[in-house]
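S.K.: If you want the building blocks of each chain, they are given just below.
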Amino acid sequence: MCRKLPNRMLGVRGGGVNMRYLILGASAAGINCAKTIRELDSHGEITMVSEDKYIYSRCMLHHIIGEMRTIEEMSFAEDKFLENYKVNWIRDTRVEKLKSHDKKVILDNGESIGYDKLLIATGASSFIPPVKNLREGKGVYGLRNIEDALRIREDAKKVSSIVVLGAGLVGIDGIVGLLEQDANLFLVEMFHRILPMQLDEVSALRYESLFEREGVTIYTGVRAEEVILSKDNRVTGIKLGNGKVIDCGMIVVATGVRPNVDFIEDNTIRVNKGIVINSRSETNISDVYAAGDVTGESPIWPLAVKQGITAAYNMVGIKKELEDSFSLRNSMNFLGLVTVSLGLIEAPDESYSISVETYGDNYKKIIHRDGIIYGAIIQGDISYCGVLTYLIKNKINISNIDKDIFDIDYSDFFSIKENGEYEYVV
Amino acid sequence: MNRIKVNRDLCMACLNCVLGCMIEHNEKGKGIYDLDLEDISNEGRNHIGLDKNKCPTPIICRHCEEPECMYTCMSGAMTKDRDTGMVAYDEKKCSSCFMCVMACPYGVLKADAVDRKVVLKCNMCNGREIPRCVENCPTGCLELGEEE
Chain C
1 MCRKLPNRML GVRGGGVNMR YLILGASAAG INCAKTIREL DSHGEITMVS EDKYIYSRCM
61 LHHIIGEMRT IEEMSFAEDK FLENYKVNWI RDTRVEKLKS HDKKVILDNG ESIGYDKLLI
121 ATGASSFIPP VKNLREGKGV YGLRNIEDAL RIREDAKKVS SIVVLGAGLV GIDGIVGLLE
181 QDANLFLVEM FHRILPMQLD EVSALRYESL FEREGVTIYT GVRAEEVILS KDNRVTGIKL
241 GNGKVIDCGM IVVATGVRPN VDFIEDNTIR VNKGIVINSR SETNISDVYA AGDVTGESPI
301 WPLAVKQGIT AAYNMVGIKK ELEDSFSLRN SMNFLGLVTV SLGLIEAPDE SYSISVETYG
361 DNYKKIIHRD GIIYGAIIQG DISYCGVLTY LIKNKINISN IDKDIFDIDY SDFFSIKENG
421 EYEYVV
Chain V
1 MNRIKVNRDL CMACLNCVLG CMIEHNEKGK GIYDLDLEDI SNEGRNHIGL DKNKCPTPII
61 CRHCEEPECM YTCMSGAMTK DRDTGMVAYD EKKCSSCFMC VMACPYGVLK ADAVDRKVVL
121 KCNMCNGREI PRCVENCPTG CLELGEEE
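Protein chains in written order, with my numbering: chain C, 1 to 426; chain V, 1 to 148.
It is possible that part of the hints are untrue.
[To be verified] Below, a list of computed lysine-lysine pairs in the DSS-like style, where the Cα atoms sit at most 27 Å apart:
#1 V:K80 x C:K320
#2 C:K319 x V:K80
#3 C:K53 x V:K93
#4 C:K393 x V:K54
#5 C:K103 x C:K86
#6 C:K97 x C:K86
#7 V:K54 x C:K417
#8 V:K54 x C:K395
#9 C:K80 x V:K92
#10 C:K273 x C:K104
#11 C:K244 x C:K231
#12 C:K320 x C:K273
#13 C:K244 x C:K157
#14 V:K93 x C:K86
#15 C:K53 x V:K54
#16 C:K403 x V:K52
#17 C:K80 x V:K80
#18 C:K158 x C:K239
#19 V:K92 x V:K54
#20 C:K103 x C:K320
#21 C:K417 x V:K52
#22 V:K52 x C:K393
#23 C:K104 x C:K244
#24 C:K104 x C:K53
#25 V:K54 x C:K403
#26 C:K80 x V:K93
#27 V:K117 x V:K54
#28 C:K393 x C:K417
#29 C:K138 x C:K231
[Claimed, not checked] Calculated from the model, a selection of chain V residues having no Cβ within reach of chain C, i.e. all distances over 10 Å:
#30 R3
#31 C14
#32 L15
#33 L19
#34 E24
#35 N26
#36 D36
#37 D39
#38 I40
#39 S41
#40 N42
Hints listed in this document are in silico derivations from the structure and should not be mistaken for laboratory results.
Quick caveat: nothing in here was measured; it's all calculated off a predicted structure.
For each residue, glycine too, the CB sits at the ideal point set by N, CA and C.
The shape of chain V in the complex, shown without the other chains:
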């Protein structure tokens, strides 16, 4: 499968990955000029954490082999495709219980800020050749890698 590889040492917290994610999932259009930073209904599905030394850390869904979000999902909204490796989220099935947010050990997931109805979850840009966060990363911190 393809997995977005993270090399933390190269991260400089420029947030281009977050902006890329917001652009790709913007309902109003997928260009940079469609992006409205004051529109709180458009959120990134990744984020940058700062550790105790203020060292920036990209926190991006790993599409885990043993996905805690899926094990804990009681509606069937989270599924793992064993062929592509992707852990997919179906917001129509979701019952908004947010057990997945509680279960993801890496703190990748959150509820949407406006309605608290759906979970913000990476979908690898729905089959896009290069995910937008990777494409937007200027340092090489994020790369698309082939995993066995």
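Just chain C, with the same shape it has in the complex:
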């Protein structure tokens, strides 16, 4: 079915001149914004500027470290994307300044580009915490860009031991990629379990033992205290808070990100944890939109995509609100064990009930109170669990469904829309 285009004149400036759309960033939010603009406005000029030299999925960097995919195979955009969607892409280029009063940006090559509508989707950068010598050391890498992954891959061949700092999703991805290389691996996490934001004790311990079986040494509940450097500033080891010293030639830092907003002038666009946007992806400055990790909201792929699409609609002049900003959802697949984590991972107090089901390789936990599900961890067989995502996200009351809570499925909410799609009846 073709998306119906509204009949009124979209994306046309005064005098019938085509609209100039400028998109900063070429990842989840930027690409989806460009694509959606083109679907809605066939005439407008779309320019995309990015520091990235390639279009690639940042969620797959472990495939580069582990040499499982080529750079071309990292792309999440369709073949001939730029051609098909008529996008002018200026790659390998930084934005130095945004002059929002003049509606233009200054690039690092000195050129400036004017716009009618601007999307800022410049993403975020690895945050290197203020551990002694960590920022100075040679052989310390973030894991954010494909260039990071390529450097880690090359260096990993030259060292015998590698420490990964931070056992969130990025750190674990790093470990998964590095397992394909030969070095000894150490994982250091401040919290007392790995993946503390996504998993509870039981589900995290299963991954810990899987990684340990692969030869990874895991230290939880401990901080990095000091990096030990050689005379020429190369990393030779790391000292932990418990006094333990790990000899290593490389450190991969996965302790969070900070939004890329250094090109924004003071007293223009409002920046808090990141660029502040409303549900239409609008910033406080008219004609300037933002989407994805640069907003400092939860850095998950689907949110970036949806904010980018929402921005696109509003940029061409169709009012659209993002209704779904539920971001406490993650799926992971490490060493053949799959887990989905939704909403709360632990019950906040005793007023909540916890239902647990374990069989074979499966661990399933649902946290609920008064008929509303607040969180779930599904490990092992995750079949059809998208229903739980919907129920949690929309706080659907299930107390009138007389069924085992693990058996509730879409059939309990079945309804057909006029166009044949499903919808929920609650």
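Keeping the supplied structure of chain C fixed, place chain V upon it in accordance with the hints.
M.R.: Same frame as chain C, but now just chain V:
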């Protein structure tokens, strides 16, 4: 576009649609006699749910207008063809993160049972005139309908 229409009142949970799907996507051949029900590597991409009153409900990909599986896909494996309406899945691009399984609000998707590497996703039988599930449905519960 063509969409497989579901009239739940006519479903009697005979599972012919599931068998049809398994037959059509069986690597060993597309005839009923090629079907080995003990072969767990051959799975249906649709299933029948039972609601709290044990009322059977066909759960079959809608190829949604706003496909959650596609929005959440970080590898580019899920794409929507705006001309045919189909939401297609490319298992070569797939990175097996299963965000799509988590995102489909109707619980249509699952990972394959053997390797947990690919997603089982309806492809409208790859251009077959009548999808196998519809052809196999003896009650008229499933029909191929033209949507605007």
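S.K.: It remains to establish, for every hint, whether it holds in the given structure.
M.R.: Here is how each hint holds up against the structure:
no. : hint            : verdict
1   : V:K80 x C:K320  : holds, 20 Å
2   : C:K319 x V:K80  : holds, 23 Å
3   : C:K53 x V:K93   : holds, 20 Å
4   : C:K393 x V:K54  : holds, 26 Å
5   : C:K103 x C:K86  : holds, 22 Å
6   : C:K97 x C:K86   : holds, 26 Å
7   : V:K54 x C:K417  : holds, 22 Å
8   : V:K54 x C:K395  : holds, 24 Å
9   : C:K80 x V:K92   : holds, 18 Å
10  : C:K273 x C:K104 : holds, 24 Å
11  : C:K244 x C:K231 : holds, 22 Å
12  : C:K320 x C:K273 : holds, 24 Å
13  : C:K244 x C:K157 : holds, 25 Å
14  : V:K93 x C:K86   : holds, 23 Å
15  : C:K53 x V:K54   : violated, 55 Å
16  : C:K403 x V:K52  : holds, 6 Å
17  : C:K80 x V:K80   : holds, 16 Å
18  : C:K158 x C:K239 : holds, 21 Å
19  : V:K92 x V:K54   : violated, 38 Å
20  : C:K103 x C:K320 : holds, 23 Å
21  : C:K417 x V:K52  : holds, 21 Å
22  : V:K52 x C:K393  : holds, 22 Å
23  : C:K104 x C:K244 : violated, 52 Å
24  : C:K104 x C:K53  : holds, 22 Å
25  : V:K54 x C:K403  : holds, 10 Å
26  : C:K80 x V:K93   : holds, 15 Å
27  : V:K117 x V:K54  : violated, 32 Å
28  : C:K393 x C:K417 : holds, 21 Å
29  : C:K138 x C:K231 : holds, 11 Å
30  : R3              : violated, 4 Å
31  : C14             : holds, 16 Å
32  : L15             : holds, 14 Å
33  : L19             : holds, 18 Å
34  : E24             : holds, 20 Å
35  : N26             : holds, 20 Å
36  : D36             : holds, 21 Å
37  : D39             : holds, 18 Å
38  : I40             : holds, 13 Å
39  : S41             : holds, 15 Å
40  : N42             : holds, 16 Å
Hints 15, 19, 23, 27, 30 from the list above are not met by this structure, while the remaining hints are.
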